[in-house]
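Got chain A; can you put chains B and C on it based on the hints?
Chains A, B and C are the protein sequences, given in the same order. Each residue of the first sequence is one higher than the one before, counting from 4 in this note's numbering. Each residue of the second sequence is one higher than the one before, counting from 31 in this note's numbering. Each residue of the third sequence is one higher than the one before, counting from 143 in this note's numbering.
In case anyone wonders, no lab produced these hints; they're calculated from the structure. A few of these clues could be false.
With a Cα cut of at most 16 Å, we get these calculated EDC-like pairs of lysine to aspartate or glutamate [what the hints assert, rightly or not]:
id, chain 1, residue 1, chain 2, residue 2
1, B, Lys655, B, Asp579
2, B, Lys541, A, Asp86
3, A, Lys66, B, Asp579
Chain B is nowhere near these chain C residues, computed Cβ spacing over 10 Å in every case [as the list claims (entries may be wrong)]:
id, residue
4, Thr146
5, Asp150
6, Gly159
7, Glu164
8, Glu188
9, Lys209
10, Gln216
11, Glu239
12, Arg243
13, Gly248
14, Asp255
15, Gly283
16, Ala295
Ideal Cβ positions, reconstructed from N, Cα and C, are used throughout, including at glycine.
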Amino acid sequence: MPTLKVNGRRVIVDSDATLLDAARAAGVEVPTLCQFDGLEPWGGCRLCVVDMSQANWDDDWFKVVTACNHPVDEGMTVITDSDRIIETRRVVLDLLLARCPDTPLIQQWALEYGIEQTSYTPNPDPDDCILCGLCTRVCDHIGVSAISSINRGWGREIAPPFNQPPPDCIGCLACAEICPTDCIPFETSTVRRKIWGKEFEMLRDPKTGEAVITKEQAEHFAERSGVPMTYFETSDRSKRREMAKTFEKLQVVK
Amino acid sequence: MRIESCDQFEALRKQSLEIEANRKQQVLVCCGTGCLASGSKEVAEAFADEIAKRSIDATVDLFVKSTGCHGFCERGPLVVLNPQGILYTKVKPGRVEEIVEKTLVGGEVIPGLLYKDPVSGERVEQYGEVPFYRHQVRVAMRNIGRIDPTDILDAIAQGAYSGVAKALFEMSPHEVIGEVATSGQRGRGGAGFNTARKWQSCKDAPGERCYVLCNGDEGDPGAFKDRSIMEGDPHSVLEGMIIGAYAVQANEGWIYVRDEYPLAVVNLTIAIREARKYGLLGENIMGSGFDFDIKISRGGGAFVCGESSALMRSLEGKTGEPRAKYVHSTDKGLFDLPTVLNNVETWAGIGAIIERGGAWFASMGTERSKGTKAFSLVGKVKNTGLIELPMGTTLRHIIYDIGGGILKDRPFKAVQTGGPSGGCVPEELLDLPVDYEELTEAGSMMGSGGMIVMDDRTCMVDVSRFFLAFLEEESCGKCTPCREGLKQMLHVYGRIIAGKGQAGDLELIEKLAAGMQLGSLCELGKSAPNPVLSTLRYFRSEYEAHISDHACPAGVCRELTAFEIVEDGCDGCHLCYKACPVDAITGVVKELHVIDHEACISCGACLDVCPTDTIRTFPKHELEKAEVV
Amino acid sequence: MAETPCSDLSKAEEILGRYPQEEPALIQVLQDVHRAYNYLPCDVLERVAEALEVPLAKVFSVSTFYKAFSLEPQGDTIVKVCTGTACHIRGAGQLVEELERQLGVGPDETTEDFKFTVKTVNCVGACAMAPLVIVGEKYFGSAKPARVSKYLAEGGADEN
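One chain only, chain A, in its complex shape:
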């Protein structure tokens, strides 16, 4: 269990912890955009940069690294608010504000770092996508990989194959839910769901008639887990009722 210092505060963390974990343990806030607990860290937004010095380095020799994915080490010194770190974060936010000038999340973060208007040339045709990759990463994590990033460089975008409704999408809405700027539109009702241009039929609970899940999502989960489809067709409310009835029976037996 390595010990390290974050902004002067001593913390002890697990050996497989990241600098972000260490900062949180020390009660120090480090801003992030592309990080999400439970997903592999990606290191793309660069907002979580911190200054780091290894135990065996000279005292004044630091390296700028991303906290979300850098592993901890015994005796490390981490500084999350040095001048150059603040300045680097400022540049990152200033650039994101230029790409997404109308996006509230970015406007808020930029304001926190003293930026009201971007110093750069604003995107003439902006949307809210900050290219954090969370949508594609969660889709990969679920084992579907229906959408991906296309092109490269500034023209990089998130899209389904051929910009057509993605054949592999199961309509689980994880991408829309995880998106920090809510820029993935979708429609959902008790009968139908639509996302990325693809339409889904909702499976309804046989007892209550509530919409539970899409057929494709149920099939995907059933296949992955080996649990029968009927489990996924039941709404949470029905599941709780079943559970309550089971406990009731137990009570009686006693």
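Below, chains B and C alone, put in the same frame as chain A:
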């Protein structure tokens, strides 16, 4: 045909040497990409025709060999005659008959085909005496231009795979690493990491197996040494990789070749096939018990795949997105297993290091940069081409003594080294010895070895913009500072070059540069500001002229520059008229020509061809003032 | 993006037969497919995704990431102008402009009769022969705008 012992290899080598020695006359025609572009294939065919016409025995009496790139591409097609040692330059197929008749049969030299020194005006007969070659010490490129790269026996005769025999039969893997450590060789791809240390790290890393890779994704525009090595002596690469694989006990390797080098892919494929045939690759190499095989992987057209972690992603069939550097490739590289990735030139040098010893290699070069380095000398220099020299040679020696000085004797302005990650070195630093650390301290970088010479007709603001535009197209787009930063830098540069630069633009550039250097995920983004910062360091006044005076001192930026034919100097040669792509010049032969400013697009084609140097550039805004008056 | 299927998958099947059916083979397969069809047809990409067991979205991502690939049919002859540093300072820009004047198309565009596609390449490694134009398989070194029509005639003829 499989070689199953060291003795058998020796016997084959001696046999191949004898065949070479028995040839009475050899004609070596350079068929590297550069000379091919000048028509050398037709020259080789013309020699074949002569042989058929004269019914000469083509195996002994006149053997024509197509070799790889000699490096002196400017003077191609190049033909070397052995045993005479004569070099003929700019050989056209039509002159082949004369060469056979006069030189080969008659024993007479044809002066018009000899290299003419641009400074002394003298004709040089001997290949080894030509200044371009005389100063060179060829280690990685030792056999290029001497062997037919598609003939493995020719390569073996010249020493290929002797290093493999020595390593496999006389040394342990530990000793091999020791020898490379003694040589002090550092990676020749640009990062300059110590080769032996990299191999040792891989050897020490836990894993069920490991891999050796060759980075043939030479993406630096202006650098073509790796292309020449892969095309002209693929065996040197295979040999190095076999020795390296033996050192780290890898059984599989890949050579990643960029898509834009089709001939390199062809010649490497042939070399691998031949090596397998002779038991120099595959199972039980030379009967030593060591198994190792190599496959080729072609790039898809992405500069970022020259970055080691991106290259490995590409080999895995993915997009070339680099990975964070905290995990070293020697611990988790290709398929998350320990991997050694080295550059083409690095591998090419290994065979020589093992054969001649690490101490020999370390006897050349400087304290921190041992051995020799290949450079591609290009741009506004008289002798453009590929050279290999000991580290520590000065830039002045390279550009003037070997390069012959600046094209058209225009004033030298800067030499750009290190590609898009490097910087520009100005005149006052010409005596800098070429060495990893010296170049970095001067604000540039060794990089791949590309040296682009620039004259007074090069605008440093335009050069920086060029590199930024290059990198913007090549950025993978994963991280914010690089993806957004490059685009925004270009916006500012666009303003400056159009004469709309604002006060504060230079400070904005510097701030953004710092953010990119610290914040970017990989070296592409981190080093992207280098050309910007180095040109600001040494040529700040040029930027200020663009911003404050709306002028481009070099006369390059089109929106800021107008052209005029000076009355006194014009002799009516009519060349500018012919060169102008938009017919903006009027004039009759022998009379003064005039440029129509309305039609002129300021491309500079006229100035480039004017033999009397009478076309001058001036700030375009002066035209408006003139009109107002 | 309009879908441009090709309907003849036989060439694709033959190509797939040459490689192990796994993700690392993807880029090599796509290159062979591109060479065979002159672009990456969408139905072939679907077949490749299925054969190599790679999600279609990832195949699409790779197809759009690398410059070597076009998702749209290209001309019979590809005309490449090298825009590396050495070529840039020796006038590559003028060559691109001259091509546009003669063919009416810019980089990454194809002529209406599908005879030529113009592309810029970030260095072909023939820097000592800068600037360079490659028409089909033919390299033209020390290229001059005035000779562009000659290059097109010579290089284009070779393709047939």
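Indices of hints not satisfied (ascending) | The structure breaks hints 3, 7, 9, 11, 12, 15; every other hint is satisfied.
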